[in-house]
Structure formats: structure tokens, C-alpha cells
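Visitor: Could you build all of it, start to finish, from the sequences and the hints given here?
Spelled out, the chains give:
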Amino acid sequence: KQEVTQIPAALSVPEGENLVLNCSFTDSAIYNLQWFRQDPGKGLTSLLLIQSSQREQTSGRLNASLDKSSGRSTLYIAASQPGDSATYLCAVYNSNYQLIWGAGTKLIIKP
Amino acid sequence: NAGVTQTPKFHILKIGQSMTLQCTQDMNHNYMYWYRQDPGMGLKLIYYSVGAGITDKGEVPNGYNVSRSTTEDFPLRLELAAPSQTSVYFCASSYSGADTQYFGPGTRLTVL
Chain A
-14 KQEVTQIPAA
-4 LSVPEGENLV
6 LNCSFTDSAI
16 YNLQWFRQDP
26 GKGLTSLLLI
36 QSSQREQTSG
46 RLNASLDKSS
56 GRSTLYIAAS
66 QPGDSATYLC
76 AVYNSNYQLI
86 WGAGTKLIIK
96 P
Chain B
36 NAGVTQTPKF
46 HILKIGQSMT
56 LQCTQDMNHN
66 YMYWYRQDPG
76 MGLKLIYYSV
86 GAGITDKGEV
96 PNGYNVSRST
106 TEDFPLRLEL
116 AAPSQTSVYF
126 CASSYSGADT
136 QYFGPGTRLT
146 VL
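Just so you know, the protein sequences line up as chains A and B, in that order.
Using this note's numbering, the first residue of the first sequence is number -14, and each one after it goes up by one.
Using this note's numbering, the first residue of the second sequence is number 36, and each one after it goes up by one.
Any given hint might turn out to be false.
[What the hints assert, rightly or not] With a Cα cut of at most 27 Å, we get these calculated DSSO-like pairs of lysine-lysine:
#1 B:49 <-> A:27
#2 A:27 <-> B:79
#3 B:49 <-> A:91
#4 A:27 <-> A:91
#5 B:79 <-> A:-14
#6 B:79 <-> B:44
Hints were generated in silico from the structure; no laboratory data involved.
Guide: If you want it as C-alpha cells, here you go:
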């Protein structure tokens, strides 16, 4: 059974720092992997989708990498800003095209 | 485009009552999903649909039912509500399987 883990559960850093969020999964037979952002009391916003054949995807200050063989993905945020404060969720598509979710990393960027 | 809309935003239900959570998307997506999110946990898939008239169970379907009579609408029915169904419910849609999913704002449901 696929399990997705995100460590740490919470992270607080000063504004301007570069940071990395981690996601690991137990079964390397995944299709795609998706990173989401969730703001308090709101829905989820898709940040990046990495297809299983890709190694990374970039959008603005965000870069996500995927290493299927080791069961890991990272989300790199450059030059963090207070507006980046949110919970970041990682989810992988299993062979039934269903998303299996991590519990998220709550990120706080201090001004 | 409104994207994915959900109603209501909040609701309090008494034990044993029933209700329907509404979900509509205007992106002509084939796939639609219902998730629940409990505090501090990841989302869990309740039911999903790959097109009008086709639905299937996800990881936690017990106590819920769905229907998909049109491409746009995917209502979630709670029968005989229990306190364990207190959660935030999210509806999502995507054009195809393993594609980017787009989420509604959620319904916060409390069962007392």
C-alpha cells in the first residue's frame, strides 16, 4: 500500500531564505506527483505536477524534483516571502490514477 | 470560469440526519473526486467518477453515496450522519486521470 510522508510537519524560517520541503513515498510505481498549497480555511491550489518520466518542474521561485528510484520528491522555494506561508501538500498518483496524500508541511515565513 | 464550486461552506448536522453536499465544475472535466480532510491529516478519497454515469469507491466510502448524472455535477450524499463524519470535504476535478486536479473551497461539516 502506497504511503506518503512529509517531514518536517512544520517549519519556520526568516524571510529571504531558500528552503526545501521533503516528500517520500513507499512504492516507486507511481504515475505523476503533484505539489499543492493550502491556505487556512481555503481549498487547495496546485503548484506543480511532475510526470513520472520527468526529473523536475519549475514555476517561478518554485522547483520540484522527483527521484522515483529512491521514493523522494523535494519542493525548493527560493527567496521566501511572508506570502509563501501556507501548508504544502505532496500527493502521488497510484496505478489506479488515485492521489495518495501526505499530511503536509506547515510553513511560516517570518518577516 | 468559476472553476469548482461547493455548497454549503459550513453546516452543522445532527446525528442520524442526512444531507447532500453539492459540487459543480464548469471546466468540462471528465474526472471528479470527493475527499475528506481531518485535522492534521492528508486528504482521503471517498468516491470518484470518470464520467457521467460512472462512479467508483475510494479509500473511505462507508457512510457516503454519490451520483454523476451530468458532467458538471457530482453531489455527495451523507446518510445517517455520525460524529466520525465531522470533517472538511473537498470536491476536485481533472480533465483525465493522473492530470492536475482543481479543488473547490471545501465544506466544513460538523456532526453533533
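Visitor: Each hint needs a verdict: does it hold in this structure or not?
Guide: The hints, checked one at a time:
{"no.": "1", "hint": "B:49 <-> A:27", "result": "24 Å, holds"}
{"no.": "2", "hint": "A:27 <-> B:79", "result": "17 Å, holds"}
{"no.": "3", "hint": "B:49 <-> A:91", "result": "32 Å, violated"}
{"no.": "4", "hint": "A:27 <-> A:91", "result": "14 Å, holds"}
{"no.": "5", "hint": "B:79 <-> A:-14", "result": "14 Å, holds"}
{"no.": "6", "hint": "B:79 <-> B:44", "result": "19 Å, holds"}
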